[in-house]
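Chemist: The lines below spell out each chain.
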Amino acid sequence: METQSITPPPGEESARSRRQLQAGITLVDRYFIQEVIGVGGMGSVYRARDLHFPNVTKLVAVKEMLNIAPDPLTRQTIIHNFEREANILATLNHPSIPRIYDYFSEEDRSYLVEEFIHGKDLEAIISDTPGFLPEEQVLTWAIQLCDVLAFLHSHKPDPIVFRDMKPSNVMINSNGDIILIDFGIAKTFQVGQKGTMIGTEGYSPPEQYRGEASPAADIYALGATCHHALTRRDPRLEPPFSFGERPVRRINSRVSSELEAVINTALQYNPAERFAGALEMREALIAAGRKTGALSKIATTSIAPSGGIKPIWAFKCEDEIRGTPLIYQGALYVGCYDNNLYALNAADGKFQWKYPADGGIVSRPAAYENNLYFGSEDRRLHVIGARTGKIVWTYYTEGPIRSSPRIAEGHIFIGSDDHALHAVNLNTGRSVWQFASADEIRSTPFVANELVYFGCESGDFYAVDFRGAMKWHYQAKRAITSSPIVVGQSIFFASIDGTLYCLDARNGWAVWRFRLGKGSVSSPALADNFVFVGAADGFIYGVDAQTGKEAWRFRTEHQVSGSPVIYRDSLYCGSVDGNLYCLEYRSGRERWRFKTEAAITGTPAVFDDIVYIGSTDHQVYALLA
Amino acid sequence: MAEFFRKLFGNKSKSSRANQVNSVTTAPLSDHQIESIISSQSVQYEMQQLIAASGQSVGKQREHNEDSLVAITATLVGNSSGIPFGLYVVADGMGGHQFGEVASNAAIHVLTGQIMRKFHSFLFSMPTQQPDEPLQEIMESAFQEAHRVVQHEAPGSGTTLTAALVVGQQITIGHVGDSRAYAVYPAGRVEQLTRDHSLVKRLEELGHLNKEEAANFPHRNVLIRALGQGEALEADVFTVPFPRNGYLMLCSDGLWGVVPDQDILRSISDAPNLHRACQNMVTAANIAGGPDNITVILAQMIG
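As you go down the protein sequences, you meet chains A and B in turn.
Under our numbering, the first sequence has 609 at position 609, and the numbering climbs by one with no breaks.
Adding 625 to a residue's 1-based position in the second sequence gives its number in our numbering.
No lab work stands behind these hints: they were computed from the structure.
Just so you know, even glycine gets a beta-carbon here, dropped at the ideal spot from N, CA and C.
Just so you know, not all the hints are guaranteed correct.
[What the hints assert, rightly or not] With a straight-line Cα cutoff of 30 Å, these simulated DSBU-like cross-link-like pairs (lysine-lysine) come out:
| id | chain 1 | residue 1 | chain 2 | residue 2 |
| --- | --- | --- | --- | --- |
| 1 | A | K471 | B | K743 |
| 2 | B | K836 | A | K518 |
| 3 | A | K156 | B | K743 |
| 4 | B | K685 | A | K549 |
| 5 | A | K291 | B | K836 |
| 6 | B | K743 | A | K477 |
[Said to hold, decoys possible] A short, non-exhaustive set of chain A residues, derived as facing chain B with CB atoms under 7 Å:
| id | residue |
| --- | --- |
| 7 | G410 |
| 8 | H411 |
| 9 | R506 |
| 10 | N507 |
| 11 | W509 |
| 12 | V511 |
| 13 | W512 |
| 14 | R513 |
| 15 | Q546 |
| 16 | T547 |
| 17 | E550 |
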């Protein structure tokens, strides 16, 4: 996949391909090689199956880099550099960058294990499309590419220059979104090769040929990529730096002059005359799109799921599942209305054990040091071993427990229908203090700023310190069943009074309130600068956290009592209409939905690219995120 | 009002100059060196409090002062720990005759009155009581009322209005026009919190002007949104954390349009205190020609 302008010495190519891994080989007892999906200058890329998930087909891309340096010290340095780069890549968290799962070196090869992208690269899309790609399509991808470049260029402490932007390094996944593949990690394997050039001739700017790689070089290469996508003229087949001689519209007259102008600016010979940064180019692309109306077309192009979503596994309990699953050490734990807490193997859904309480379990268990903590309608807080399901201790309250426990600072904080918030010593199971509130506490406490935050059914919201003394209090008009979330200085929660509140977490002052169509028991989730929450009016809302203004809303077919969960660039949320929805969280656009046989009132759990959801159809489902 | 502030500031800057002389005689260190020594000893103010200062000048080329400002800082600390409270407002009026003055003056009075009324029982009653309305709604409705009054009192005129309400550690900002609120960090970063509602900014956003063209755009002072103009007013209202170890700065275009960010930073870091910093900025704008009225407010959270 690593394309370079260097030509390997004669004979070496065949030697390398001889050394390619055969299908059927297993690397480090874990990655079962299925087939070669790409060949580059430094080795091959394979599709492999991760055998740690025996009952699910979890695919990964394994990128191989041959360490051909003759001298052992250089080889060692190369491996060291590779590991350093792999560590940097592993910390990059962006929807358009594949996740790094693993890396290792064996003999003369190093391997990087990353997310397998289901999709097609842009070069293949350009050549397989008869005629030109639509302008709005290229525009959307270009905007997404600017997003990811801006993310890389603003990386701290050092900006990351991609160096090799070109259509074959841009994958379009099954959602129609771009993923940037093939980070220049292979370049660490090229030391000692005189005159090595990273970057692909035709797409790289003039200065890169002098050995300078800067963010401005990525901008040029993005311009070149867009030019190729809109004109179908492969720049590798043209004289170098000749974009100025063949403007986009001379080849494809349907492209707007606005977009052409943006591409021309990106392709300026002098780096100082290009956009000052990826964000500036992004703004220019958006401005061009607004002017031509291309952007409004994009919003309506929803990608329909292909062939419906199939669960990886499903497990049937004896009664409704209203609670939320917990994934902990490879197991899934979920409470059920049949009074049992179930432990299942998260990979295949196999039953491990169940623990009987004397009442329904509607909350989410918490885990801490191999123990599970959860409340039940039998009035008790149960603590059991996570592996064995054997009881460790229980703690009695004076009412059914519907709140989920929060573990912090050596304590368990949990609300009960006995109106009290209980602080329980994590080791001894003894009560440390109880805070008497005005009504039943069904919301799950949140701990931040050395305060415990929770709402109760009278509409009172409290901030209590670690000694159980009230720090401040806020009054909503009706019950607060929704669990609060604190981010920075703000706290967010919803109420049955039909309002999403934003309070100052330090003093309880209301900063803004957002009117929902109806009451809500859904707990808000946050990502970027958005708060997400469901409501009984059937909508899932995306609200700007700074201004309290609506960003989007998505209509489901019934009440939304569960809470949204954000994973990567998606939002997952169940509805009483029985569907689990996957939306793009920035726009609220639907990606897919999965129909269960009855209402969903719990919240999904997402772990390692798998979404788990319980339904009142008695089943727990595992789906690919 | 402006005269009052000028008097106030004249005095303050004189007295601080006297201090400077004293320090020179007792120790051969510049203000800057003393500052850095003091800050390296990191004085701890045990009581957290908000402090603020402001500066204003008619400038060198205008006869009228059409800028107005409000700086209210309340420190009420009793047996319950007090919450820092401040209200800072800058308005830059426009319109023929003297209507610009009327507009900005009316805007700050109405806005401040509306907001302070809602905080009256929190600040001055016992038991203290928080307003029912969220902070952003208080700001929003005060803007609407100010808009209504300006339309009535000074028809045809308009004014910018940028207001920062500090309650605890957060700032709720209301904003219309091209006066600005900034977060200024002493490490050398000046972050603009508000977005100008000006023609030039709009054209820049639309991609019709690049940064350089924008800097030389002939109609830099044309607003596309102003208080008192148009039927419905849409104010930007949002909440941000108070800049940690930094300053909140509000100013009119008489300052930001004339003095570069770097000089603003230097004016602040070179000054021994907030009121000197404000005066330094006003002086810098006047030295640069003082083409317009100059108004600046600086606030800092200490402790």
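Chemist: All hints are to be evaluated individually against the structure, with a verdict given for each.
Modeler: Against the structure, the hints come out as follows:
no. : hint            : verdict
1   : A:K471 - B:K743 : 23 Å, holds
2   : B:K836 - A:K518 : 46 Å, violated
3   : A:K156 - B:K743 : 44 Å, violated
4   : B:K685 - A:K549 : 42 Å, violated
5   : A:K291 - B:K836 : 20 Å, holds
6   : B:K743 - A:K477 : 20 Å, holds
7   : G410            : 27 Å, violated
8   : H411            : 25 Å, violated
9   : R506            : 5 Å, holds
10  : N507            : 5 Å, holds
11  : W509            : 5 Å, holds
12  : V511            : 5 Å, holds
13  : W512            : 4 Å, holds
14  : R513            : 5 Å, holds
15  : Q546            : 5 Å, holds
16  : T547            : 5 Å, holds
17  : E550            : 14 Å, violated
Checked against the numbered hints given earlier, the structure breaks hints 2, 3, 4, 7, 8 and 17 and satisfies all the rest.
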